[in-house]
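Participant: Start from the sequences and build out the full structure, keeping to the hints where you can.
Taken in sequence, the protein lines are chains A and B. Those letters in the first sequence? Residues 0 to 448, by numbering that gives the first Met the number 0. Those letters in the second sequence? Residues 0 to 251, by numbering that gives the first Met the number 0.
It should be emphasised that the hints constitute simulated quantities derived from the structure, not laboratory data. Where is the CB? At the ideal position from N, CA and C, for every residue including glycine. Don't take every hint at face value.
What the hints assert, rightly or not - Pairwise CB distance ranges (calculated): (1) B/Glu143 <-> A/Lys342: 38 to 48 Å; (2) B/Glu134 <-> A/Arg421: 18 to 28 Å; (3) A/Lys300 <-> B/Glu131: 33 to 43 Å; (4) B/Gly144 <-> A/His373: 47 to 57 Å; (5) A/Thr64 <-> B/Pro90: 39 to 49 Å; (6) B/Glu113 <-> A/Val170: 39 to 49 Å.
To be verified - These stretches of chain A come out as covered by chain B in the derived footprint (C-beta under 8 Å, 3 or more residues): (7) 29-39; (8) 385-396.
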Amino acid sequence: MMLNRQETEPYLSAFKHYQENGGGSGPGWLRKLREAGIASFEKLGFPTTRNEDWKYTSVSPLAATVFERGEHGGNDTKAVAADAIRALSFADSAYNRLVFVNGLASPELSGLHGLPAGARVESLANALQRDDDVLHAHLSRYVRYQEHSFVALNTAFIEDGALVLIPKGAVVEEPIYLVFVSTGQYGPVVSHPRNLIVAGEGSQARIVEIHIGAGSGPYFANAVTEIFGGEGASIDHYLLQREGDAGFHIGTLEAQLSRQCNFSTNSITLAGSLVRNDVHVVLNGEGSECSLNGLYLVDGKQHVDNHTEIEHCMPRAKSQELYKGILSGSARGVFNGKILVHKDAQKSDARQTNKNLVLSENAVINTKPQLEIHADDVKCSHGSTVGQLDRDALFYLRSRGIDSAEAQSLLCYAFASEVVRRVKIATMRAQLDDYLLMKFGSNRYASHQ
Amino acid sequence: MLEIKNLRAQVGEKEILRGIDLRVGAGEIHAIMGPNGSGKSTLAHVLAGRENYQVTGGEVTYGGKDLLAMSPEARAREGIFLAFQYPVEIPGISTTYFLKAAVNAVRKHRGLEELDAMEFLALIKERIKLVEMEENLINRPLNEGFSGGEKKRNEILQMAVLDPKLAILDETDSGLDIDALRIVANGVNALRRKDRAMIVITHYQRLLNYIVPDFIHVLHQGRIIRSGTKELALELEVKGYDWIKSEASALQ
Numbered sequence: 000m001m002l003n004r005q006e007t008e009p010y011l012s013a014f015k016h017y018q019e020n021g022g023g024s025g026p027g028w029l030r031k032l033r034e035a036g037i038a039s040f041e042k043l044g045f046p047t048t049r050n051e052d053w054k055y056t057s058v059s060p061l062a063a064t065v066f067e068r069g070e071h072g073g074n075d076t077k078a079v080a081a082d083a084i085r086a087l088s089f090a091d092s093a094y095n096r097l098v099f100v101n102g103l104a105s106p107e108l109s110g111l112h113g114l115p116a117g118a119r120v121e122s123l124a125n126a127l128q129r130d131d132d133v134l135h136a137h138l139s140r141y142v143r144y145q146e147h148s149f150v151a152l153n154t155a156f157i158e159d160g161a162l163v164l165i166p167k168g169a170v171v172e173e174p175i176y177l178v179f180v181s182t183g184q185y186g187p188v189v190s191h192p193r194n195l196i197v198a199g200e201g202s203q204a205r206i207v208e209i210h211i212g213a214g215s216g217p218y219f220a221n222a223v224t225e226i227f228g229g230e231g232a233s234i235d236h237y238l239l240q241r242e243g244d245a246g247f248h249i250g251t252l253e254a255q256l257s258r259q260c261n262f263s264t265n266s267i268t269l270a271g272s273l274v275r276n277d278v279h280v281v282l283n284g285e286g287s288e289c290s291l292n293g294l295y296l297v298d299g300k301q302h303v304d305n306h307t308e309i310e311h312c313m314p315r316a317k318s319q320e321l322y323k324g325i326l327s328g329s330a331r332g333v334f335n336g337k338i339l340v341h342k343d344a345q346k347s348d349a350r351q352t353n354k355n356l357v358l359s360e361n362a363v364i365n366t367k368p369q370l371e372i373h374a375d376d377v378k379c380s381h382g383s384t385v386g387q388l389d390r391d392a393l394f395y396l397r398s399r400g401i402d403s404a405e406a407q408s409l410l411c412y413a414f415a416s417e418v419v420r421r422v423k424i425a426t427m428r429a430q431l432d433d434y435l436l437m438k439f440g441s442n443r444y445a446s447h448q
Numbered sequence: 000m001l002e003i004k005n006l007r008a009q010v011g012e013k014e015i016l017r018g019i020d021l022r023v024g025a026g027e028i029h030a031i032m033g034p035n036g037s038g039k040s041t042l043a044h045v046l047a048g049r050e051n052y053q054v055t056g057g058e059v060t061y062g063g064k065d066l067l068a069m070s071p072e073a074r075a076r077e078g079i080f081l082a083f084q085y086p087v088e089i090p091g092i093s094t095t096y097f098l099k100a101a102v103n104a105v106r107k108h109r110g111l112e113e114l115d116a117m118e119f120l121a122l123i124k125e126r127i128k129l130v131e132m133e134e135n136l137i138n139r140p141l142n143e144g145f146s147g148g149e150k151k152r153n154e155i156l157q158m159a160v161l162d163p164k165l166a167i168l169d170e171t172d173s174g175l176d177i178d179a180l181r182i183v184a185n186g187v188n189a190l191r192r193k194d195r196a197m198i199v200i201t202h203y204q205r206l207l208n209y210i211v212p213d214f215i216h217v218l219h220q221g222r223i224i225r226s227g228t229k230e231l232a233l234e235l236e237v238k239g240y241d242w243i244k245s246e247a248s249a250l251q
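Facilitator: Shown next as structure tokens:
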């Protein structure tokens, strides 16, 4: 494979600079991990559209831009970030939140209260200073950085992010919000947030990852989240993306589930120039369950790509997946949903659905289910639809006096709300619901104002 | 109120209405009966403004205006209401939410103040009694998972709330057991008014035992082949449609 040195070079030299200047300190194993990360990235380069997994998503505009890490804009940045959180995050008044600005923890904007005894929610940078056993045991154990260049890049620059540890049997009542703000107004900035969530046996928690952008300039958020679900743990994960108009977001979510663990993730993509989400869930314990839900509203020239992969490794595991998208303007969407059932994973139950509404002639969606089944006693189903608004439903609404434009809006809202209804955090669900009503022009009916 | 003259309409290449003439005055109830495929539902949908039927001839005047030139929503705002034979299920919008949007669109058009949430709720609570419907049903997604009877009751509830001048009931009796039929018919009867006309479309005479029409028209092959008073329904019940059909073909 021909690699484009011009594209990778800025990252390679940044890595060198980073190591030589005391950055990237920490325990020895971490140093080795970072080196392995950069070596992988050097070998892999940026993916091209010749790579099957990137066939419909070109990262060349991202690869062609030189981004810089670190704090930008000095003291202004905090104020800008605070404004962005207020305007966009749906978490402004969140009880428990850990805020990161351009990849680095911001204690001033964060607030944590009422965590159960033994639970830890802190900045990864803090935790790394103590050479934690937990970190050594879990960090980078689940991701596949040898194969995925963006994960490799993130691994090379592991510095900060969120560490969430829920001890055995603990129940975290309040959702934990992890808020990542990128600023586009002080030059192209890159961040590599790295999150690690470890839920102990029988524990319960809800975690909301929010990525937002301030300013109209380009930036690049390359986030990786690893989740380990212990036996019988219950974890609800949410990913809310409201990136800037010129924001690039590449996100990877890796979840490893033990016996009887119940995991759900809900990804809501509302804005961003180029957004790519890779979700990989490994059902590694008997009777484990996962539910993957996604909503992408793609407009203008935005590009949103959701790649999901669910691996059934053990018997009697269950997976359910529903991704829905509304595309308009010249937007482009990609959905690729892979389900892999291994030989020993008998009695697996896997259901996948992807539905798309394409509202304009120039909008495009590429949707592809991929089933690979090596066990013989399984229930698997998948289906995808691409279409316009239902004419019967439109006529029904209009026959009651609702005008054509509003009838269309209502139907878009109805389409999207199926995913929003799955959000279990009431305040977030209400805010998303209102957002949808605004977005689809029926704000005068918003019920939660 | 409504005057239909020589109305012709088709779906694709197939002509379904082949010259309908009908006059409906305020306060009148007209029943339109006829065998399957005679064009009953097409007539209902053409009057409501369904776009996939092409009107190829004739005219329809409603309250002095050219009805065929109006959009479906304009017709609804002017007081036309179609109770669907197959009400559409819309997951994601509750009946309350949908109906509030509809009521306020209609009220705005009529120069009335829009109702706020409280006022609307009061209105719906009052009208829902007419159709003996469970209140929690209206907070569920529109028609989703409703039984046949619940869907039809919901149609009549919408009619009661939207306050139409001309209501067209398209086979509202189809698929209803006798109890549901009685409830729906009682709801309709309670909505009879001197200034409100109704067109009741049905295949069977039994509905007309409950909703007694002023006039009955028999539709066959896209034309009204016979009109009469309510006694005509009883005659049809005894003799079936074949009798009229053969009479009509003898005339041609």
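Participant: Which hints from the list above does the structure break, by number from lowest to highest?
Facilitator: 3, 4, 7
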